[in-house]
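**Student:** What follows is each chain in one-letter form.
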Amino acid sequence: MSDARFRNPGWAGNTGEFDLTEADVRGSEFVGEQPLDGGHPSVAPSLPYMLVKKDPEAPLFEGPYLERFEKIRSRYPMARAALIPALNLAQELRGHVSPETMDEVAALLGLSDAFVRGVATFYTMYNKRPVGRFLIQVCTNISCNIRGADEVLAAFLEHTGTELGETSSDGDFTIAEAECLAGCGFPTCVQINSRYFEDVSAKDVPAVLERLKREVNDGF
Amino acid sequence: MAYPYRHESETRILSRGFGDPAARTVAGWKAMGGYEGIARALEIGREATIEEVKASGLRGRGGAGFPTGLKWSFMPKDARRPHYLLCNADESEPGTFKDREIIRWTPHQLIEGCLVGSYAIGAAHCYVYLRGEFFESTRVLARALEEAYEEGLVGTDVMGSGVDIDITLHVGAGAYICGEETGLMSSLEGRRGEPRVKPPFPAAVGAFGMPSTINNVETLAATPHILRHGGEWYRQWGTEKSPGTKLFCVSGHVRKPGNYEFPLGFPMMELIEDVCGGIPNGRALKAVIPGGSSVPIMSAEDCRECSLCYEGVEAAGSMLGCASVIVMDETTDIVKQVRRMAHFYAHESCGQCTPCREGTAWATRILRRIENGRGTEDDLDTLVEISEQMTGTTICVLSDSLAMPIVSSIEKFRDDYLALIRRGERVGAA
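Sequence lines, in order, name chains X and D.
Counting with this note's numbering, you get residues 1 to 220 for the letters of the first sequence.
Counting with this note's numbering, you get residues 1 to 430 for the letters of the second sequence.
Hints are supplied without guarantee of correctness; some may be wrong.
[Said to hold, decoys possible] Okay, derived cross-link-like pairs now, PhoX-like style, lysine-lysine, Cα gap no bigger than 25 angstroms in a straight line:
#: 1; chain 1: X; residue 1: Lys213; chain 2: X; residue 2: Lys203
#: 2; chain 1: X; residue 1: Lys53; chain 2: X; residue 2: Lys71
#: 3; chain 1: D; residue 1: Lys412; chain 2: X; residue 2: Lys203
#: 4; chain 1: X; residue 1: Lys53; chain 2: X; residue 2: Lys203
#: 5; chain 1: X; residue 1: Lys203; chain 2: D; residue 2: Lys54
#: 6; chain 1: X; residue 1: Lys203; chain 2: X; residue 2: Lys54
[Unchecked claim] Short, incomplete list of chain X residues facing chain D, as computed with Cβ under 8 angstroms:
#: 7; residue: Ser42
#: 8; residue: Phe61
#: 9; residue: Ile84
#: 10; residue: Arg117
#: 11; residue: Val119
#: 12; residue: Ile142
#: 13; residue: Glu179
#: 14; residue: Leu212
#: 15; residue: Val216
Hint data in this document are derived by calculation from the structure and do not stem from the laboratory.
Backbone N, C-alpha and C fix where the C-beta goes; we use that ideal spot for every residue, glycine too.
Please work from the sequences and hints to get the whole structure.
**Tutor:** As structure tokens, this is what we get:
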């Protein structure tokens, strides 16, 4: 058996020894378009909330987003339980959760500002300040670490010319370190907005960044 | 070869649909015998469903290994108050990547498991608490759940039985501690994910103050198969104390990492050397963490005779946990990896209990000092002492989870620590 690096189709469609396409692996065709109103109420609290497009001034909540918010509320026996899905929805729209956003969500759910701030700051996935179009989170926990995650993180910083936690000057990329993403089988695992890119090595980093830039230009 | 890796000697029950996009649809899942398990449960009734799972000997796959049927039987029998089933899909134990695989390849396997579990405990509503980062797998599960609702498999009058079971997908926002069962309940209720003191246990006072049961994804996914074929059928695999098959998540220094399904009791070295193709580049095995980062580290010697079942790994001085086998070759810097783990636990500590909040942070600083060549031999004693104070002194076991790798690594790889300390002393003297 050769020691040559294998490729999985989790990111660039390079299937190597595997014969599934990237769409097969991601399930993107099966999933299809994501309805803004959240679809069936059972799944309304589950939509991705890290997107390329963000509008920090977006209202909370109007039109189909209000519909989704009402569907979310209908699924819990107490109003407070809708808080985390509501914060998720706010971040999906605005790209980050500012203190003002926290207060607005508090008012919507009839909770105190202090309580909502306490909750929102507990969870790491809420961006407390604006991030780039792509938030690139590199797992550096043990399984990825022993397979070179530190080099992958360094390569992302080098090729975007930015510091850890900062956003590149073109506003495209924010690089962060992540804890185990549960993608340990194909290290290094990198979460980029709502997608996982697996089996990323330091030398793959320029290609990953190019692909992301291409997607922005294509209106992704 | 279909993605991901497979091996011909596997016993594929849970993983049969992995790598097969067709298994994601209701039709595809039914073609594989799907929804027959819940159909049989509805036919034989609640009590008999619990008895069947008890007979199978299925133990919780989230790490603790508690017998599932017994857990279900703790739920009150009366229906005066609502009951809830919570599915723990907040998979975040470092080294573990099995639940994500079940969710993204065989979403109906989980949905059917949620139906079986909900029915058994008399719950009309099941919440699947999904890890926030799992956006893509969550969307696959969401599409499958919508389809299940359309087909009358979930919701009002499940499969024409007169039983109502709703399922809601709830997505978290990034906190390891929400994988702890009472932390998960706090988070589901819209609070910080802080664990609660037990008792009261969730079966008495759980989510929203109501009787609740929490099961791991892999546990629930196994139940439809048990109902369909019977508890005895499940016992044909595994050992007396650890019946059935299990997904082993192998990561680290092996040629073919991935999820492999084998009967419990499978030899660890066979998994590493034969199934996963061994360690690349002709290197030697140094250490293995057999159950996710929260269990004691094993030396290569400990692994030799170890069989992967609850009692087998315990006999080898560690714990099976969620069977996340992290393989480390001779080039691995153990001190750096333990420091990385300590950093993780310090970051994820919810901060309620002093021994954990302070202990994880102290341990991280001391380990970093040693790693940077500024440690002393006394530091090792301090680390062991802090670890003792972090064990059994807190609401949940997060701090115990760091104490175990620290103490075991100092015990088994003391020379690695000493080499860094002595190198530092030489540097200091010069």
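**Student:** Hints first: check each against the structure and report whether it holds.
**Tutor:** How the hints compare with the structure:
1. Restraint check for lysine 213 of chain X and lysine 203 of chain X: the C-alpha separation of about 17 angstroms stays at or below 25 angstroms, so the hint holds.
2. For the hint linking lysine 53 of chain X to lysine 71 of chain X, the alpha-carbon distance of about 23 angstroms falls within 25 angstroms, and the restraint holds.
3. Restraint check for lysine 412 of chain D and lysine 203 of chain X: the C-alpha separation of about 35 angstroms exceeds 25 angstroms, so the hint is violated.
4. Taken as a hint, the lysine 53 of chain X and lysine 203 of chain X pair is broken in the structure, with Cα atoms around 28 angstroms apart against an allowance of 25 angstroms.
5. For the hint linking lysine 203 of chain X to lysine 54 of chain D, the alpha-carbon distance of about 51 angstroms lies beyond 25 angstroms, and the restraint is violated.
6. About 30 angstroms separates the Cα atoms of lysine 203 of chain X and lysine 54 of chain X, which puts this hinted pair outside 25 angstroms; it is violated.
7. Below 8 angstroms, beta-carbon pairs count as interface contacts, and serine 42 of chain X has one with chain D at about 5 angstroms; its hint therefore holds.
8. A cut of 8 angstroms between beta carbons decides the hint on phenylalanine 61 of chain X: the least distance to chain D is about 17 angstroms, and the hint is violated.
9. Using the Cβ-Cβ criterion of 8 angstroms, the hint placing isoleucine 84 of chain X at the interface with chain D is satisfied: the shortest such distance is roughly 6 angstroms.
10. Taken as an interface hint, arginine 117 of chain X does not check out: its beta carbon lies about 11 angstroms from the nearest beta carbon of chain D, beyond 8 angstroms.
11. Interface hint at valine 119 of chain X: satisfied, since its Cβ lies 6 angstroms from the closest Cβ of chain D, which is below the 8 angstroms cut-off.
12. About 5 angstroms separates the beta-carbon of isoleucine 142 of chain X from the nearest beta-carbon of chain D, less than 8 angstroms, and the hint is met.
13. Nearest Cβ of chain D to the Cβ of glutamate 179 of chain X: about 6 angstroms, under the 8 angstroms cut. The hint holds.
14. The restraint placing leucine 212 of chain X at the interface with chain D is violated, with a minimum CB-CB distance near 16 angstroms, outside the 8 angstroms limit.
15. At about 19 angstroms, the closest approach between the beta carbon of valine 216 of chain X and any beta carbon in chain D exceeds 8 angstroms, and the interface hint on this residue is violated.
Hints 3, 4, 5, 6, 8, 10, 14 and 15 from the list above are not met by this structure, while the remaining hints are.
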